[in-house]
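Novice: Note that the protein sequences, when read in sequence, are chains A and B. When we follow full-length UniProt numbering, the leftmost residue of the first sequence carries the number 1, and every step to the right adds one. When we follow full-length UniProt numbering, the leftmost residue of the second sequence carries the number 1, and every step to the right adds one.
Please note: incorrect hints may appear among the correct ones.
Quick list of simulated restraints, FRET-style, between CB atoms [as the list claims (entries may be wrong)]: (1) B:195 x A:257: 51 to 61 Å; (2) A:187 x B:46: 52 to 62 Å; (3) A:244 x B:117: 42 to 52 Å; (4) B:214 x A:215: 31 to 41 Å; (5) B:219 x A:187: 52 to 62 Å; (6) A:106 x B:90: 38 to 48 Å; (7) B:82 x A:8: 25 to 35 Å.
Simulated from the structure, these hints should not be mistaken for laboratory data. Just so it is clear, CB atoms sit at the ideal spot from N, CA and C, and this is done for glycine as well.
Residue strings, one per chain:
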Amino acid sequence: MSALVRIVRAGPLATIQDAGRHGLLAHGISASGPMDQGAFRQAGALAGAGSGAGIEMTRAGLDLVIETGAVRIGWAGGAFAVRINGAALGWPGAARLSAGDLLSVTPGSAGNYGYLRFGARLDLPDVLGSLSTNMRARLGGLEGRALAAGDRLRFEDGAGEPGPIATAPVEDGPIRFIRGLHWERFSVQVQSQFVGARFRISPAMDRMGVRLADEDGVFGGQSILSLVSDPVLPGDIQILGDGTPIVLMRDHQPTGGYPRIGTIIGADLDRFAQMRPGSVLAFEPVSVDHAHRLLRSGQT
Amino acid sequence: MIETSRSGREGLLIVPLGDCALLVRFGDSLEDGANRAAQALAAALDADPIAGVVEVVPSLVSVLLRYDPAATEPFRLAGEIALRLSRPAEKPAGSHRIGVRFDGPDLAEVAAALGLTIADFIARHCAAPLRVLATGFAPGFVYCGFHGADLTLPRRQQVRPLVSAGSVLFAAGQTAIAASDIPTGWHVIGQTDFRNFDAARLPPTRLQAGDLVSFEALA
Numbered sequence: 001m002s003a004l005v006r007i008v009r010a011g012p013l014a015t016i017q018d019a020g021r022h023g024l025l026a027h028g029i030s031a032s033g034p035m036d037q038g039a040f041r042q043a044g045a046l047a048g049a050g051s052g053a054g055i056e057m058t059r060a061g062l063d064l065v066i067e068t069g070a071v072r073i074g075w076a077g078g079a080f081a082v083r084i085n086g087a088a089l090g091w092p093g094a095a096r097l098s099a100g101d102l103l104s105v106t107p108g109s110a111g112n113y114g115y116l117r118f119g120a121r122l123d124l125p126d127v128l129g130s131l132s133t134n135m136r137a138r139l140g141g142l143e144g145r146a147l148a149a150g151d152r153l154r155f156e157d158g159a160g161e162p163g164p165i166a167t168a169p170v171e172d173g174p175i176r177f178i179r180g181l182h183w184e185r186f187s188v189q190v191q192s193q194f195v196g197a198r199f200r201i202s203p204a205m206d207r208m209g210v211r212l213a214d215e216d217g218v219f220g221g222q223s224i225l226s227l228v229s230d231p232v233l234p235g236d237i238q239i240l241g242d243g244t245p246i247v248l249m250r251d252h253q254p255t256g257g258y259p260r261i262g263t264i265i266g267a268d269l270d271r272f273a274q275m276r277p278g279s280v281l282a283f284e285p286v287s288v289d290h291a292h293r294l295l296r297s298g299q300t
Numbered sequence: 001m002i003e004t005s006r007s008g009r010e011g012l013l014i015v016p017l018g019d020c021a022l023l024v025r026f027g028d029s030l031e032d033g034a035n036r037a038a039q040a041l042a043a044a045l046d047a048d049p050i051a052g053v054v055e056v057v058p059s060l061v062s063v064l065l066r067y068d069p070a071a072t073e074p075f076r077l078a079g080e081i082a083l084r085l086s087r088p089a090e091k092p093a094g095s096h097r098i099g100v101r102f103d104g105p106d107l108a109e110v111a112a113a114l115g116l117t118i119a120d121f122i123a124r125h126c127a128a129p130l131r132v133l134a135t136g137f138a139p140g141f142v143y144c145g146f147h148g149a150d151l152t153l154p155r156r157q158q159v160r161p162l163v164s165a166g167s168v169l170f171a172a173g174q175t176a177i178a179a180s181d182i183p184t185g186w187h188v189i190g191q192t193d194f195r196n197f198d199a200a201r202l203p204p205t206r207l208q209a210g211d212l213v214s215f216e217a218l219a
C-alpha cells in the first residue's frame, strides 16, 4: 500500500511522533515521543503500522484526506469522535481508506492526545535516529514544527499485519511516584502533605510540561534555594521558586535546577498525560520495585 | 523505600530518578572535585559499560544512568557503579580552539565590574584553556571552567529572553557557548562562528565533557 495524505485541518500542536529520539540527553536533546505511549502502540497495532511514526493530535483533533492510493489507518488515545466521509465509527478503531476518503477526528469526552497510525511507512527524513518532532529544538517531523492544513504526508510500502490490542484496565487511583532526587530537601511537613493533597491540572500544559494548581497550598511559602542542574527525565515533578509544581513531559528541558520532589512512574505517566485541565489528582509514593512490577504486568 | 546509598566518598549519593534511571551525585554545589568525579565515572562507564544501561549522561556534578527495567534493577546497578567508582578511567581529553569576537553587549560592564580594562579582561579570559564542565543544558550548549577568583562574577539581575546561537556567555567563574537561541541570565561577552550542534551528524555535537577549550580573540 502507498498513499499521499493531505492535512485538511490540524488542531494546535498536532505533531509527527515515533518511539522517540533516545540517547541524546548529553547533547541537549530530550527524547520526545508520544505523550501516551500505550495509546500510540494501540493505534499502531490497529493499523498494522509499517513504521514507528504516526500523528499525535491534541484535543481539537484533525481532518485529513487521502489524495492518492490507499492506506489502513488505526486510531486510539483518549476518547475522540471519528468520521469517515461523514459516517461515525468507534474509537479506538481502524479502517482502510482510499483516494478521496476524508477522515475527520473531532473533540470527544476524554483525554488530551489521540493518535493516528498508518499501515505503511511514513516517508520523512530521519533526524538523529528518529522522526519525532521536537518543537523545543525544532527537529524531526516536518521541519521540526507542528502539522498545518495543506501539509502532505507520503506513505510507502512496508505494512505490518494488524495485531491484537492490549486493553489494560483503566486505572483510576492516585498518580504514583518515586521519591527521589530532592525529596529530603523538603520539610517533613511538606513531604507528608504532598502525599494525598489535592492538585488540579491547570490549562498551562503542553508537551514540555504540565503546571499543577496546588489547591491545598502544600508548597505555599516554601522557599527553596536553586540547585546545581542535573539531567531531567519525563515525569519529574519540579517545584518552582514560587511553589508551583510542574510535571516535566516528553519535550522536557534536558536539565533542571529546580528541586524535584519525585518522578511519576512509567505505568502512570500515560494516564497523567491524558488528564484534562480541571482534573483533580493526588500523588502516592511507591517503591522502584513496585513500579517495575506494574511495568511488567501492564505492558507488552 | 528510597533506594539511596551513601558510600565512602563524601557527598556521594545514588538515588533513583523514576523507575528507569539512577542519578549518581558527587556533591550539592558546583566545585571542581565533584565535577571531575562525575566525568571520571562517565569515562569508566564508557570504557566498561554496564549491561542493561541504555544511556549515560554526565552533568555538572552528577551522572544519570538510564536503564532498561526488564534487564536490570537499581540494587544490582548500584553494585556495578561502586565497582567502577573504585577504578576510575581517564578519557583522553579532546582539545579545541574557538575564535571569539569580544563585542558582546555586556563586555564593558563585565570588565568594569572586575576592575579591568576591556583589553585586560580579554587577555586574562583567553590566557589558559578551560575544561568543558558539562553539556546538555540545550542542544550543543557547553559550560567551560573554571576561571580564577579574579574573573568570577554573578549572573545578571535580568534574564534576556533570547540570545542567538554562537553567543559567548560569562558568569559564575565560567564561560559558556550557546549553540541554539536560548534565554539566559548570563553576561553576553562575545560571539563565535563555532556551532557545537549539527542535526545532520550523529553524534550531533563535537565538544564533550572533559575536553579542553582554548578561546582566541578575533580582531
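Novice: Now tell me, hint by hint, if it's right for this structure.
Specialist: Okay, the hints, checked on the actual structure:
1. B:195 x A:257: 51 to 61 Å: At roughly 25 Å between Cβ atoms, residue 257 of chain A and residue 195 of chain B fall outside 51 to 61 Å, so the hint is violated.
2. A:187 x B:46: 52 to 62 Å: violated, 39 Å
3. A:244 x B:117: 42 to 52 Å: holds, 44 Å
4. B:214 x A:215: 31 to 41 Å: Given about 54 Å between the Cβ atoms, the range is violated.
5. B:219 x A:187: 52 to 62 Å: Holds, at about 56 Å.
6. A:106 x B:90: 38 to 48 Å: violated, 60 Å
7. B:82 x A:8: 25 to 35 Å: violated, 58 Å
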